[in-house]
Every structure is written in structure tokens, then in C-alpha cells.
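Chains as they are written, first to last, in our numbering: chain A, 23 to 282; chain B, 46 to 618.
Treat the hints with caution; some may be incorrect.
If you want a taste of the chain A side facing chain B, the calculated C-beta under 10 Å gives, among others [said to hold, decoys possible]: (1) Val48; (2) Gly74; (3) Asn79; (4) Ile83; (5) Gly87; (6) Lys98; (7) Lys99; (8) Pro105; (9) Leu114; (10) Gln121; (11) Arg125; (12) Leu128; (13) Pro130; (14) Glu131.
16 Å max Cα-Cα, derived EDC-like pairs, lysine to aspartate or glutamate [said to hold, decoys possible]: (15) B/Lys362 - A/Glu96; (16) A/Lys35 - A/Glu96; (17) A/Lys25 - A/Asp89; (18) B/Lys462 - A/Glu53; (19) B/Lys462 - A/Glu96; (20) A/Lys31 - A/Asp238; (21) B/Lys462 - A/Glu131; (22) B/Lys387 - A/Glu118; (23) B/Lys359 - A/Glu118; (24) A/Lys205 - A/Glu53.
These aren't lab readings, by the way, just hints derived from the structure by calculation. All values derive from a computational prediction rather than experimental measurement. Every residue gets a Cβ at the ideal spot worked out from N, C-alpha and C, and that includes glycine.
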Amino acid sequence: MNKILEIRKITKKYNNIPVVNSISFVAKPYEILGYLGPNGAGKTTTIKMLSGLLEPNSGQILFNGSDIDQNIFEYKKRIGYIPEQAELYSHLSGKEYLQLVGRLRLIPEKILNKKIDYLMEQLGLSIDMHLPISNYSKGMRQKILIVASLIHNPDILLLDEPLSGLDTSTMLIFKDILRQFSKQGKIIIYSSHILEVVEKICDRVIIIDKGVILADNSVTQLKDLMQLPSLESIFKRLIHYENLQQIAENIISAIKSKND
Amino acid sequence: MLLKDMKIFKTISNELRQFYSLSRHFLTRLFYNDLLKFENQQREQQIVLLVIFSVSIGYISQTILSPYLWSKMFNLSVSDLWLQETLILSLNMALIGVITISNWDKIFLDRMDYINLISLPVRARVLFVAKFFSLLIFIVIISTILNIFSTLIFIFYPGNLPNFNPFFGGLAHYLSNLLGSLFVFFAVAFIQSLLMILFKREIFKKVSAFFQFTLLLGFLSVFVWFPMVYKSLPSLKDNASNFMDYYPPLWFTGIYNHMICKTDPILERNCMIGLIAVFLLVALYLTAVPISLRRYLKNYAVNQKRIKYISLFKYLKHIFQQLFLKHPVQYAIFMFYIKTLKRSKEHKLKLILYLAFPISFFISRFIHIYIKEGESFFWSVNFYFVSIPIGLYFFLIVGLRLIVIYPIMLEANWIFKISELIQIKNYIKGFKKGLIFSSVLPLAIITYPLYHYFWGMKLAIYHTLYCLFIALLLLEVCFINFRKLPFASEYVPGKLKLKYFWPYLVLGFFGYFFSLSKLGVYLLNNPHYYVFFFSIAFIMYLGLRFYENYKIKELHLIYEEEPESVMLTLGLD
């Protein structure tokens, strides 16, 4: 039976200001759902609510028809999460961090260590895996996060800017992993600013701004509906970003005037 | 020619501007130490702390110099002031030592300095001079604040002595303490530079941390053992003991004495030693700074070698895990606790602060009794010898209870939140096993050989087991209802309400310490009663464990502290 993740009218407020305002959508298996929006649109807040890190003020998150709060432990066992910022315990080494995650995720020790060694080798981290994370570059930290989110073979992947800092080859590998996971029937929610990537790998796109969904459809259908050539132009139209060029010109003139 | 002069002038002026900015930057960084997290360090707190130290030194000065108000009655002269000066110098130098140790990583230009500054158009000479200048200013500021009250006392209290110039008296006190402070600071810097030269980068990190904590312990111990030395100083001086040459504060007492009376040949010699020592250490520091730069450049972008596990160690680790930490969550929390305690300087320094006084107290008492009574004193069962681990366990467990609540990196604890898949029992079990295997057992292993040497195997085992049982009970009591992850949950200052509860804590300590030490002596003299003690202690331990298991009803761990009720009623949200 295919399992779905359903979000029903969830709202999250900070200081009484709604950051996510009564959002509803369904994430299905066999599709990669792109979640787009400008800074402060509410993307990260939504992903955090889906991962159980934040509690919504109202609304429900249902997995396979039942509220995730009813059995949060079971739900957490099934999710893999990559946060927007790679906040990792920097006093631990890469391997130690992954061991911590694997043990918390109840993976038997032997399997865990084999998995970690193999995955780190595949991602080119085997030389540095005993170094403290404080010595890692942004890309290396991101690789650790990727391994940490996948190590338990989750059914739901919640990805918040997962490619930031990655080198080109790892990016390509990761995109391929996502496509294969999607084929296996995993639910993937992919939040990002990078429109080209979203356009290429996502089957469906949700565009949000100021906590409200503006569009929810496949990229092809959105292009047809709005009669626009690319996701970028759709995004610009929906977010009212037509005057971007003017902003760029303003910035350049401000920089020039300071130097002269 | 004029153009060339203009260029030189512009270069100098630019360098001076850079020097000014850098000196300010380095000086500000020195006021934020390694002991506390940056966000926990408020300038007001630092000022309050320095004023407390300053007033304390002033108060001690006032107490020890009060007889000089009636100098004729006590038949005192200028040449007697050296003793009081030595006491203040010792305290001042120990405090400067503690402050220097808390700035251990900032004595030389550190990794952050190099990363941020080396790419900027700043000449190395400007960097080094600015660093040195900021250190000098730092020591002058700290030393001045610490001695402001004591200087006033050293001006006015001996004021009616014949041949005493109050102005020179105050100046001599201030200068000798300043030089003493510089000596301590640059002596610590010298030790660090020596380690830097002797060891490779990877080993240096570990050795450096070891020295940092040992020196901190050493400086803190001065406050415990110095009163004993203070009493013996006059006789040591009368007998022209070698101690007079080897005790650094006396070198600076020599400078003080030289400025006010120049009467004593031993102190005159010490004055020269003091001046040469300061000069030499500053010169050594200046030589070591370029070495630190070279070292950084050499190691920059060089990967550390992969640590190779010794197979025997790996095998033992596996057996240990199979025996005690079979549950993966317990193992995860156990390892996180151990690794964090091992690697977090902030937490280690805090623990050292809790442990420094009892350790120094017991060691100094041990040495004192050993010298006074001889080895035979320890062959018999006595209160002092029996009480050592009992006292240490109290400070160790209470210290751990206090430090585990400080998070190491709060923003990274999302991984625990997202991976919390089972109820909290196993998290707490893993943590408690970490406490037992990393702290309780090692102390027993350290103290056992001492008892074995003096009392033989049987009594040593009895007493070690006795202390272990006490420690386990104490641990259960101290961590009852603990529902947090060590080093990973939020901490709200003032939650422990130590300012209200400290009298109970003190009373509790004395009650615990004296009753259990007396019981320890009694049991050692009547070993057949151990069976009763162990049975009762075991039942109590099981009772506490049962109570704890029964009480754990919460589904989730606590990551965020509930604010105090008074904060909720402010109505600011």
C-alpha cells in the first residue's frame, strides 16, 4: 500500500505573526515535490514542522491517514531530514557523529560501522572521517548531513537546501540518488532556492510566499497554464519580482558612488 | 626625496592605524576567556568578578597590616613588611595565573587570528607588536584593578613607621605586584611556547590541554596551601633556606623591599633574580611568537594522519560494549557524554574549578601530615586518610551534576530531537553509565593503590568498595528526576537557585562528609560489619533505581527549559 503524507491547514505563528498560514498539500510516493519560495516565505518552518522539530499552532500532519502526534516515534523512524544549516557537533569527528546518529536510530553496531565506512568512502570522506567536524569545509559538512539523513533508509525525505556547498560531482550523485529513491516509492519534499535544480528533478512544485501557497502543480502544467517558458519566469511572476533588474542596477550604482 | 619621505610617512601612518585597531581587537578578545561561552560573558559580570577579587585582596591586606597601625606597640619596622608583601604577592600571582590559564589559547596568535588576519594587507611586525602590546596592557589593567585597594592599604597602614615613605611604599607595592603579574603571565606563555617547539601539532594539542589543566590546578592550589607556608616563612628566612631563592613571589618581594629599605641581603638577591626573570621571559615570548607563525604556516592545509585503532583496544571496546552498553541508544548517549567531556574545554575547566580546591586541600594535607607525622601515620586507620575519596566523590558528582546542564552546542541538538525514537529510560541509563565509567570508577582506581600500599589488599578493597557504594548512592540522589541529555539541553541561568540553597548544600556536605567518614573508620576497625553496610547500601541503591524507573513517566526528553514563573507573568509576549 502506498503511503502518503498529508498536510492539513497547518499554521505556525511567531509572536502572533503567521509565518505559515493554513497550508495544505499532499506529498505522494514516486514523486519529488519541490517546495519553492523567497527568503522568509515559510519553507524552512514548514519542513521543520514536517520533521517534528516544530509544533504547528493549528492544523494536522497525517502520515498514512493518522496524525503523526499519535505515534511520533514511529513517524520519526521513517523520516530523513537535511536542515538548511549544517549545525553539527563540531567536537565530534565525522565518523563519531554518524555513529551517534546511527545508534540513536537503533541501527545494530556492526551494520552501522560498515555502512558509515562504505558511504564515507563513496563520498570521498574516508581520509577525513576521524578529524573533528570543526575542520570540515561546508561541502564536507553537507555530505555528513546527507549520510546522516539516509543511513537508516527512510521512507520520507525532508530536504532543506540539500545541495548547498556541495561540489558538482556530489551534486550529480545526490540528484541521481533522489531520482532512484523516488522510483522506489519514497516521499521526497525538496525545498530550495535553486530553480534550475528544482525544475530538473522535481515532478511537482509548490510555490509559497508569506506563508501562503501560490501554486501547486507539475512544472509542465504550470508552464502551460501561465504560458511562460521556464520555472524562473513563473516564479518571478508569482512572487512579483519583475523589477529585479532595477534592484541590481540600484545596488551597482550605490557601490560605485561609495568608491568615488 | 620628498616623495620618498612622504611614502615612508604614509606607510608609518597606515601601520599605526592598523596597530591601533589590532591592539584594540586583541585586547577585547583577551577579556573574553575560554572558561565561558562568548554569549555568557557579560562585561558587567567580569567587572563584578574583578572587583570581588580586588576587594578580597584589599581586605586581606587590611587584616594582615592592621598591627602596623600600632607599630610601636608591636615593635614593628619597615624591614618586617616583606612577610605581608609576600602573602599578597602570592595571592595576586595565583589569581593572575588563573586568569592567564583561562586565556591559554589567546597568549599567542591563534587559528582564528591567522585565518582572519593573514589574508589582510597587514605586515607581520604590526601583528606581533599589536599582540604583545595588547598583552602588556591587559596585564597592567588586571594587575591595577586587583591591587587598587591593597595599594591604598600599603600606603596608609604602615604610614607611621620610621623611615617609611608612604608614596614609595605604595609605588613599590604596585610595581612589585605588576612585575609579579608579568612574570606569571610570561612564564605561562613560555611553557606554552616550549610545548609548541617540542611537540608536533597533533600531540601538542593534547599535551597543551593537559598542561593547561594541571597549571590551573596548581594556581588554584596556592590558595589552599599558602597559609601553611606563610606561617613558616620567617623561620625559613632566618635559616637562609633554599626555599627563599626558589619561591617566585619572594623575588618580587625582593623588588618591594629594595624600593622601601634595602636592608636584607637575601631579599636584595631575590630582587635581581626577579628582574632578570621578567626580562628573560618577555624576551623568550618575543622569540616564540615567530615560531608560532611558522608552525601555523607549516601546518596550514595539511591533513592530519588517520588515527589507527589498535586491534586489542578495539576488541576490548567491543567486549565492554557487549557487556554494558548493548542498547544502541545507551551506547550513543554514553559515547556522546564521554567524548564531550573529553573534548570540551569549557566543561573541563568548569569541572576543574569545582575539583581544584578539594584536590589541593587533600594533597596539601597529605604532604603536611606526611612531613609532620611521618609515613607511619598512614599505616593506621584514621579519619583524615579514610575521608579522602568520600570528600572527592562529593565534589566530583556535584560538579558533574552542575556542568552537564551547560550545552556544548545548542543549535546542533536538533539531531537528538529528530532521532528520539524510544522512551527516555535508555537515554538516562546511557548517561548514568557514562558517569560511572568515566568518573566514579576511575577515582576508585586511583585511590585503591594508595590504600593497598598502606593497609594491604583486604582493607583497601573493603574501603574502595565502601566509597564506591557511597558514590553510586550519591549519584542516584544527585541525578534523581534528571530528564535532560548531558551537554545537549537548554540551560536557564539561576534555575538551580544556588544563591538560596548553598547553606543547605554546605550543611549537607558536612553532614555527609563527617558521618560517612566516621562510619568508614568504624567499619575498617570492625570489618565484619561491612556485610550489613553493603546489604543496606545495595537495598537503598535498588530502591532509588526502582523509584527512578517508576517516576519516569515523561515520553520525551527535556530540551528546552521551562522559564521561571516570574518571567511568565511579565506579560511581555
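- Message: For a quick check of understanding: which of the numbered hints are violated here, in increasing order?
- Response: 1, 3, 4, 5, 15, 16, 18 and 21
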